[in-house]
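Listed in order, the protein sequences are those of chains A and B. Here numbering that gives the first Met the number 0 is used: position 4 in the first sequence is 3, and no number is missing along the way. Here numbering that gives the first Met the number 0 is used: position 2 in the second sequence is 1, and no number is missing along the way.
Any given hint could turn out to be false.
[Said to hold, decoys possible] If you anchor each label on the Cβ, the simulated ranges turn out as follows:
id: 1; chain 1: A; residue 1: F130; chain 2: B; residue 2: P28; range: 23 to 29 Å
id: 2; chain 1: A; residue 1: D83; chain 2: B; residue 2: D83; range: 30 to 36 Å
id: 3; chain 1: B; residue 1: L175; chain 2: A; residue 2: N102; range: 36 to 42 Å
id: 4; chain 1: B; residue 1: A9; chain 2: A; residue 2: G127; range: 21 to 27 Å
id: 5; chain 1: B; residue 1: K145; chain 2: A; residue 2: E82; range: 18 to 24 Å
id: 6; chain 1: A; residue 1: F130; chain 2: B; residue 2: E144; range: 23 to 29 Å
id: 7; chain 1: B; residue 1: N1; chain 2: A; residue 2: R79; range: 28 to 34 Å
id: 8; chain 1: A; residue 1: K5; chain 2: B; residue 2: Y11; range: 27 to 33 Å
[Stated by the list, open to error] Partial list, derived from the structure: chain A residues whose beta carbon lies under 7 Å from chain B:
id: 9; residue: Y11
id: 10; residue: K16
id: 11; residue: R35
id: 12; residue: T69
id: 13; residue: Y103
id: 14; residue: F130
id: 15; residue: D162
No lab work stands behind these hints, which were simulated from the structure alone. A virtual CB, placed ideally from N, CA and C, is assigned to each residue, including glycine.
2 protein chains.
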Amino acid sequence: MNLTEKQIKAEYIYKGKIINLRRDEALLPDGNTAVREVIEHLGGVCVVALTQENEIMLVKQFRYPYSEETLEIPAGKRDRKDEDPLECGKRELREETGATAQNYTFLGTLYPSPGYCGEIIWMYCATGLDFGELCPDDDEFLLVEKRPLDEVVSMILSGEITDAKTQAAVLKVKILKDGGKL
Amino acid sequence: MNLTEKQIKAEYIYKGKIINLRRDEALLPDGNTAVREVIEHLGGVCVVALTQENEIMLVKQFRYPYSEETLEIPAGKRDRKDEDPLECGKRELREETGATAQNYTFLGTLYPSPGYCGEIIWMYCATGLDFGELCPDDDEFLLVEKRPLDEVVSMILSGEITDAKTQAAVLKVKILKDGGKL
Numbered sequence: 000m001n002l003t004e005k006q007i008k009a010e011y012i013y014k015g016k017i018i019n020l021r022r023d024e025a026l027l028p029d030g031n032t033a034v035r036e037v038i039e040h041l042g043g044v045c046v047v048a049l050t051q052e053n054e055i056m057l058v059k060q061f062r063y064p065y066s067e068e069t070l071e072i073p074a075g076k077r078d079r080k081d082e083d084p085l086e087c088g089k090r091e092l093r094e095e096t097g098a099t100a101q102n103y104t105f106l107g108t109l110y111p112s113p114g115y116c117g118e119i120i121w122m123y124c125a126t127g128l129d130f131g132e133l134c135p136d137d138d139e140f141l142l143v144e145k146r147p148l149d150e151v152v153s154m155i156l157s158g159e160i161t162d163a164k165t166q167a168a169v170l171k172v173k174i175l176k177d178g179g180k181l
Numbered sequence: 000m001n002l003t004e005k006q007i008k009a010e011y012i013y014k015g016k017i018i019n020l021r022r023d024e025a026l027l028p029d030g031n032t033a034v035r036e037v038i039e040h041l042g043g044v045c046v047v048a049l050t051q052e053n054e055i056m057l058v059k060q061f062r063y064p065y066s067e068e069t070l071e072i073p074a075g076k077r078d079r080k081d082e083d084p085l086e087c088g089k090r091e092l093r094e095e096t097g098a099t100a101q102n103y104t105f106l107g108t109l110y111p112s113p114g115y116c117g118e119i120i121w122m123y124c125a126t127g128l129d130f131g132e133l134c135p136d137d138d139e140f141l142l143v144e145k146r147p148l149d150e151v152v153s154m155i156l157s158g159e160i161t162d163a164k165t166q167a168a169v170l171k172v173k174i175l176k177d178g179g180k181l
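In isolation and in its complexed conformation, chain A is listed as follows (with noise of 0.2 Å):
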């Protein structure tokens, strides 16, 4: 069964500060057409940033649509289209924990919601970790907090930690260390 949509029309609703807005018309396989809304992100990077001890490290923030404080793993957008994701997650870890990291395993790639939003969240474990200071972004208020991973798996399996990408990163790094493949 061939499943592809095509794209007929393409209408930008907004283009913004970190998202752009898409309504698009698309071809659906059945030859009729439907309505695509489409969030455009330059996607973003996040990483588990692991210590010596088993320990990794969070960020608590305010997430504004939420009107919530979240504990998450560090993690920032790219500058450009074009950035290399690793050298994003370098700089995002550096700006928000005060951390840079000897090793960087690659641990896939993140789809926040397919269905209407075009974000990559590229996804690192950071290992032989060296300390120096914070340079948050002027508009990034934070607060860094260093945890056990596996007080951290807690947190996610009891449900206290709700973002995508710690809740993924986080259990695959836990899975792979149990299995010895990191």
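Please build the complex by placing chain B on the supplied structure of chain A, with the hints as guidance.
Structure of chain B alone, referenced to chain A:
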């Protein structure tokens, strides 16, 4: 440290079929203001449907924002803001795979991209499956597959499965099952 951001101004840029887009002005903890772009969404539900043989149901579909086919667990959005997530999950599982389930275990919520998106995804594990007929939405084209849980975990670890909710929910089920908690 107080991290709270307060809404000063809200403006709807777009009210659509799946999403709305707001462009707000927010008061930051330091007294400055910043633009906050917010996607509004009714929220959705995803279901890890686990057979007695430790297989799970996957849905292959074309995801327009990426122009790609993806493999995901059954999922869908709520019909209205106050729809009970569990009822929504039961409906989506039945529509997409034809299955009904005797038991549902709540796995927590997922925030897909909390920087700009307010969507909440409720995650469930369904067991005691009974298979009936498929009845997907009119403009939804999909192929249903059944795969061993451990194979799906491997596809997540290798980066082959990219969908956030599938990665988070399946890895949770894997760890809970291995720990005898599911």
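Review point. Does the Cβ distance between F130(A) and P28(B) fall inside 23 to 29 Å?
Key: holds, 24 Å
Review point. Under the criterion of a CB-CB separation shorter than 7 Å, is K16(A) in contact with chain B as hinted?
Key: Constraint on K16(A) satisfied, holds at 6 Å.
Review point. Regarding N1(B) and R79(A), is the given constraint of 28 to 34 Å on their beta-carbon distance met?
Key: holds, 33 Å
Exercise for review: Tell me if R35(A) is really an interface residue toward chain B, meaning its C-beta lies closer than 7 Å to one of theirs.
Suggested key: Check passed: Cβ of R35(A) comes within 5 Å of chain B, closer than 7 Å.
Review point. Can the suggested window of 36 to 42 Å be confirmed for the beta-carbon pair L175(B) and N102(A)?
Key: Violated: the Cβ-Cβ distance is about 30 Å, outside 36 to 42 Å.
**Study point:** Per-residue hint verdict: T69(A), partner chain B, C-beta under 7 Å
**Key:** It holds, given that the least Cβ distance between T69(A) and chain B is near 6 Å, below 7 Å.
Check your understanding: Does Y11(A) pass the interface check with chain B, least Cβ-Cβ distance below 7 Å?
Key -> Result: violated, 11 Å to nearest chain B Cβ.
Exercise for review: Just tell me: holds or violated, for the beta carbon distance of K145(B) and E82(A) against 18 to 24 Å?
Suggested key: This hint is violated: roughly 39 Å between Cβ atoms.
Check your understanding: Is 21 to 27 Å a correct range for the gap between the Cβ atoms of A9(B) and G127(A)?
Key -> Taking Cβ atoms as reference, A9(B) and G127(A) lie about 45 Å apart, which means the hint is violated.
Point to revise | Interface hint compliance - D162(A) to chain B, C-beta minimum distance less than 7 Å | key: holds, 5 Å
Practice item. Check the following: the C-beta atoms of F130(A) and E144(B) are separated by a distance inside 23 to 29 Å. Key: violated, 45 Å
Review point. Is the gap between the beta carbons of K5(A) and Y11(B) within 27 to 33 Å?
Key: holds, 30 Å
In terms of the numbered hints stated before, the structure departs from hints 2, 3, 4, 5, 6, 9, 13, 14, listed from lowest to highest.
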